[in-house]
Amino acid sequence: MKNRLLAAAALAGCALLMTGCGQKEENHLEIFSTKMENQAILQSFIDEYTQEHPDVTIEFNSPPDASTVLRTKLTKNRVPDIIFMGGDMTFRDMSEAEILMDLSDMEEADRIKDAYKEQVYNLNPDQEEKLYGLPYATNAEGIIYNVDIFKEQGLEIPETWDELMDVCEKLESAGIQPFYFTLKDSWTGGPLWIPMTYDLAGMDFFLDRREGKTTFLGTHEEAAEKILTLTGYGQKDLLGKGYDDGNIDFANGKAAMMFQGNWAIPNIQKANPDVNLDMFALPVTNDESKNAIISGIDVMPTIYKETKEEELAKDFISFIFRDDKVKAYIEDQFAFPSVDTVVQDNASVAGVAEKFAQGNIGDFADHYYPTGFDFTVTLQTFVSKQGDVEEFLKKLDKEYDKYNSF
Amino acid sequence: MKKNRAYMVIIIPMLVLFFTFHTFSFLKGIFYSFTDWKGYGTWDFVGLTNYLKLWGDEAIGDAYKFTFKYAICATILVNIISLLLALALNAKIKCKNALKAIYFLPYMLSALIVSFVFNFIFSNVLPDLGQKMGIGFLSSNILGQENLAWIGILVVGVWQAVAFNTIIYMSGLQTVDTDIYEASSIDGAGRWTTFWKMTFPLIAPFFTINMVLCVKNFLMVFDQIIAMTNGGPGTSTQSISVLIYKQGFSGAQYAYQSANAVIFFIVIAVISLFQTRVLEKREA
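Taken in order, these protein sequences are the chains called A and B. Whatever position you read off the first sequence (first residue = 1), add 592 for the working numbering. Whatever position you read off the second sequence (first residue = 1), add 1205 for the working numbering.
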């Protein structure tokens, strides 16, 4: 009896192991995604695809803490055929590890806006001009404003720094708080810093800084001063509220503007479905053409270099790049398309549409920072103390160097 | 022989589980602390480099300062409060059992949930109250102030830890024979003398346990911080455990922070041993 039980247990164990290392079937794709918010819409694309191709089976994974899961999959050498990721450090590490296929010669690559292709190149080692992923959907970071308050006060979207200061003054004299900050969550300082550093220091700075050719000290004084000015127009208790609490207050009209990205819009509208929101780019300088909208690659499919299903994987990517699919995706996610043939026309993001049309698009500085360097923590201290600019920039340099040398 | 087999059946699975999920991971951590592994990809042995780097690291120094400040304050507060509570609950009062249950409640709640509740109180309830009553330091969220945030975390940590220590002190008080109180009152000892000369020495072993447990638990403070400040504002409430977790996983410093964890383990072990030695001597 006992032996039989043991045998049964052993069999069950073997069966478990077998499923782990079984032969890959024909026409089978494993798809992995690092973003949980778009799980439902990607799943619906997969369902449509398998309906069109009944002989294909697709396994889809979109776990929490996906980049850690992905990294463990890599160490075990079990790489999914298609991986969806953002244009971020995970992508940079994968590109450096040379495990992704060059997709530059796919037809879809020609339809992608140059600004986003540049962003992919910049993430490659030595800025090599190869597309190891095809940018699919992008995000935007700027100022979200309450349309009703702006209308009541007769205010226009500011295009320059001086106009923005003017808007703040007018709001303050009308007794309305211009900005709402949620800096208890340090990451929400990102939308404040990133447009500043892009417009005032620029892409060259990001790349030079990595090689140690320049420092924050001496290049970012204006950015730091301007951040102090802007936080001066916020609530007194700058670190009092976090992202979720702050969004509720903002939805209920506690302030006119907020530094955030398009991803915050559904969250704010959840707290008050009647609130009218729109976005504009932070006008960092008085030269309109210099004030870019910060937009980065949010979702980008990549293919594993050694996949056995190259054709199938490419076909699936072509499928989701069809115009009607892209449209469905950006409507579901309040995202922006990477291709020229589709336009995001939702009123909640209309204010930034012009910048996209002009191609005046800036990249996220933090995608070029070394892994582990968290500027938002340093920024949080600086802002809460309304501190010394030089000390702040020196601290940033010190931290940057520490992580860059790891 | 048969009996032995029964023991084996019970012990071996536990031993295997404990070894694979606890001891093995621990040994692996020590192993990786001698490499330059990022948590993925390839790695090489780097000898003691990680350990040498630890000494000059400001972030680690700050984390140790915060953690010890927190652990010392919390240990003192918890022991005073829970001893007082235990004395009160051990006295002849009404609804004794109901009160005991109520005071034990915080221990049964998850640290994360308690922290989220307090987080809400600190960011919404207290500032409103402070503004209405005109109390300066309360009128803004104390978790958002670099010099005060640690107090918010201290309050939550103490509030929750008191429950368990009270139970230990209460069981200690119940071991004391009531006859000795009669004897001491006949000898004319007052309440204070009775407590200090009779009760406290008799519950000294329980004091030892509480001190050791408190220090160890508070040195490893983690959940409350993650839920309330995530180490902020700035890095003012970054405890050692939080630092190891944050930089080890998201900062790609897996091996380096493993070295930090090994050192931290040694520190805690030494402190615990030292405490037991000293306090046990005092008991005798």
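It should be emphasised that the hints constitute simulated quantities derived from the structure, not laboratory data. Treat the hints with care, as some may be off.
What the hints assert, rightly or not - Restraint ranges, calculated between C-beta atoms of paired labels, are given here: (1) B:Ile1340 / A:Glu751: 40 to 48 Å; (2) B:Ile1281 / A:Gln719: 51 to 59 Å; (3) A:Glu751 / B:Tyr1256: 30 to 38 Å; (4) B:Arg1482 / A:Leu799: 28 to 36 Å; (5) B:Ile1318 / A:Asn938: 32 to 40 Å.
Stated by the list, open to error - Think about it this way: if two alpha-carbon atoms lie no more than 25 Å apart in a straight line, the pair counts; the simulated BS3-like pairs of lysine-lysine are: (6) A:Lys762 / A:Lys818; (7) B:Lys1243 / A:Lys990; (8) A:Lys994 / B:Lys1301.
Said to hold, decoys possible - Covered stretches of chain A, going by a simulated chain B footprint (3 or more residues, C-beta under 8 Å): (9) 792 to 803; (10) 825 to 833.
As the structure is a computational prediction, the values presented were derived from the model and not from experiment. Ideal Cβ placement from N, Cα and C applies to all residues, glycine included.
Could you work out which earlier hints the structure fails to respect and list their numbers in ascending sequence?
3, 4, 8, 9
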